[in-house]
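Engineer: These protein sequence lines map, in sequence, to chains Z and D. Residue numbering for the first sequence follows the working numbering, beginning at 686 and increasing consecutively. Residue numbering for the second sequence follows the working numbering, beginning at 14 and increasing consecutively.
Hints listed in this document are in silico derivations from the structure and should not be mistaken for laboratory results. The structure displayed is predicted, hence computed values, not measured ones. Don't take every hint at face value.
Derived Cβ-Cβ restraints for the label pairs, each shown as a range [claimed, not checked]:
1) Z:Arg746 / D:Ala317: 55 to 61 Å
2) D:Gly293 / Z:Gly697: 23 to 29 Å
3) D:Gly313 / Z:Arg827: 49 to 55 Å
4) D:Asp397 / Z:Val743: 45 to 51 Å
5) Z:Asp825 / D:Gly313: 49 to 55 Å
6) D:Ala434 / Z:Val779: 36 to 42 Å
7) D:Arg365 / Z:Gly697: 18 to 24 Å
8) Z:Val780 / D:Gln251: 55 to 61 Å
9) D:Asp278 / Z:Asp824: 27 to 33 Å
10) D:Leu34 / Z:Pro720: 38 to 44 Å
All C-beta atoms, glycine included, are put in the ideal place defined by N, C-alpha and C.
Residues per chain are reported as follows:
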Amino acid sequence: MIQARGVSRRYGAHVALHETDFDLASGELVALVGPNGAGKSTLLSVLAGALEPSTGSVERRVSTGWAPQRPALYSRLTPRENVELFARLARAPVVGVDLPERPAAELSVGQRQRLNLALAFLGDPRVLLLDEPTAALDDDRRAALWQQVAALCTDGGAVVFATQLHEETERADRVVQLHGGHVE
Amino acid sequence: MRRAALLLRKDLRVLRRSPLLLAVLVSYPLLIALLLALVAGYANAKPRVAFVDDDNLPETVEIGGRTFHVERTIRRVSDDVVLVPLDRDEAERQLRNGKVVAIVRVPAGFVAQLKAMQRSPRLELETTRGLLASRVTQQMQALVYSLNRELQDAFIAANLHYVDLLLHGGTGTFLGRRFDVLGLERAESRVSDPEVREFIEVAQLALDQTDDALEATANPIELETVSAAGRTWALSAQVQAHALALVTTFLAAVLAAAALAAERDERVLQRLARGLASLGEVLASKVSLAALVAAVLGLGVAVAFGVAVEAAGVQGGEPWSRVPALVPALLLAGAVAGAFGALVATLAREARSATLVAVLVVLPMVFLGIVPREAAPAAGWVSDALPFAHEVRLFDTLLYDVDPWRTALVEAGWLLAIGVALFAAARALMRRLTA
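Take these sequences, add in the hints, and give me the full structure.
Structural biologist: Dropping the structure here:
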């Protein structure tokens with residue numbers, strides 16, 4: 686579903702991700718693990734097309750959804766307005782969100798993360814790229830998220846997620862360890 | 014463009030929710046315009062000129078039979094400068110440190126030469142080098158002209174007295190010597206030669222015309238000044254055009270810079286870069302936002318000016334029929350300034366520094382645009398490559414020229430070219446924002 690060949694990412698002199706190959710097959714649930722600064726978020730951003738690789742190329746054969754580690758949304762718009770805007774930009778159906786009708790800047794961290802995830806699910810993508818998706822979520826929301834992830838994989842989709850939590854890696858079919866920008 | 018329009022709608026919604034920001038964006042350039050007006054007003058203030066009297070001018074001087082109160086006469090004719098009596102050394106010192114912009118010196122022997130009426134006495138003017146020198150020289154020339162006007166009446170009266178002596182005879186004085194003159198009238202009765210008598214008659218006729226001839230020679234052209242109810246400076250065409258350009262440039266540049274930098278601050282650009290909107294569409298939405306807001310607020314400023322002009326009953330009134338023509342001009346000016354602001358945003362690290370840099374860059378651009386080309390040609394050349402001066406000329410011609418279209422097309426062409434260059438540069442640098 687996604688094939689990356691020789692992708693790397695450099696910020697000036699600093700290499701955040703050394704040349705890496707990555708393949709994602711249908712039905713796979715892949716966990717990216719590693720210490721802070723290992724290159725997990727960079728790899729996810731490159732796979733999502735949010736960041737251009739310094740070298741190499743990424744082939745995405747299906748639609749992808751992306752939830753960055755720090756929510757990427759308009760803080761002066763309400764959750765509904767954020768969803769409407771991104772849905773219209775993506776020509777995807779507008780879905781309802783169960784969040785307070787006030788500017789995103791005034792939401793709690795957990796509520797912002799829920800909005801962040803809601804934007805990733807817009808348009809029912811076949812592949813989800815989630816960067817520490819359960820951070821700041823309460824137990825019920827975490828359970829609901831993993832249910833959605835499992836359903837997608839069962840349905841032939843695929844999910845790649847970055848995590849710092851050992852128990853979350855146990856859900857994965859495959860664990861990719863990163864360290865210092867290298868896949869180990 | 015559908016996606017650019019969606020982003021534009023979002024930006025307008027955000028702007029509507031930021032009334033304080035909007036108020037600052039409108040009031041700040043108006044405040045700058047007001048300060049500039051005050052500075053320009055100060056530039057029209059009377060310069061201080063040292064007055065050095067090396068001749069020890071008497072309180073009064075009698076010339077051609079008329080008495081002049083020297084100080085009062087000089088003060089009356091020196092409306093455009095403030096004359097400060099100083100001794101020579103103090104005047105030189107104040108000229109060096111800029112407290113006075115010139116020294117006008119009355120050299121020794123001035124009054125004696127004036128009273129002798131043989132040679133024109135000289136006043137000496139010493140100015141600094143710089144922008145004010147030519148202005149002060151002009152004002153001092155005006156002062157000497159006015160003094161001459163006062164004196165010439167006395168000189169003409171004195172000359173006519175001699176003509177009268179020639180015609181009718183009598184006793185006169187010249188260079189302190191008394192003399193008796195027979196006069197043509199009395200001479201005619203004592204002469205029998207017909208040719209001489211004829212000459213005397215012709216001479217009498219000619220000398221009878223001397224009065225008018227002397228007046229006409231002294232003043233070949235007279236300037237008659239009539240006070241009319243013209244526009245006050247504050248409501249003049251220039252101020253209106255500058256205020257519009259200032260509001261447009263400032264508002265559009267800062268708004269576009271802040272809006273684009275905010276996209277990066279909120280990390281949304283990377284989400285958009287995933288095929289939701291191209292960088293060009295994001296840039297176009299910011300430029301459109303700047304153009305739209307500049308047009309609406311610029312039009313508001315123009316209408317406010319018009320209302321003030323009408324309320325004050327200013328002669329000429331507001332050219333209301335031309336106000337609609339401002340709309341495309343304001344849109345164009347706003348778009349160009351918006352492209353400039355977007356370029357600034359691509360170079361800044363985040364929204365606050367982008368806004369600050371935009372303000373810091375726009376201010377000198379505005380100042381460059383108001384420096385008179387005659388005063389500093391280099392400033393004019395630099396200004397030609399920037400939007401502000403073209404905006405001023407565009408608004409000025411659209412509002413007040415009888416046939417504005419040629420100038421408007423030229424200035425709009427300039428703005429378009431500058432805008433395209435700025436947009437292209439901003440587009441090329443946009444990748445920095447997603448890196």
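Engineer: Look at each hint and say if it fits the structure.
Structural biologist: Against the structure, the hints:
Distance hint check for Arg746 of chain Z and Ala317 of chain D: the Cβ-Cβ separation is about 59 Å, which falls inside the suggested range of 55 to 61 Å. Taking the beta carbon of each, Gly293 of chain D and Gly697 of chain Z are about 25 Å apart, inside 23 to 29 Å as hinted. Under the hint 49 to 55 Å, the C-beta atoms of Gly313 of chain D and Arg827 of chain Z, about 52 Å apart, fit the expected range. Between Asp397 of chain D and Val743 of chain Z, the C-beta spacing of about 47 Å keeps the proposed range 45 to 51 Å intact.
For the hinted restraint 49 to 55 Å between Asp825 of chain Z and Gly313 of chain D, the CB-CB distance of approximately 51 Å keeps it satisfied. Separated by about 39 Å at the C-beta atoms, Ala434 of chain D and Val779 of chain Z satisfy the suggested range of 36 to 42 Å. Here the CB-CB span from Arg365 of chain D to Gly697 of chain Z is close to 23 Å, well matched to the stated 18 to 24 Å. Separated by about 56 Å at the C-beta atoms, Val780 of chain Z and Gln251 of chain D satisfy the suggested range of 55 to 61 Å.
Roughly 32 Å separates the CB atoms of Asp278 of chain D and Asp824 of chain Z, a value that falls within the hinted 27 to 33 Å. The hint said 38 to 44 Å for the Cβ distance between Leu34 of chain D and Pro720 of chain Z, and at roughly 41 Å that hint holds.
Figure legend: structure checked against the earlier numbered hints; every hint is met.
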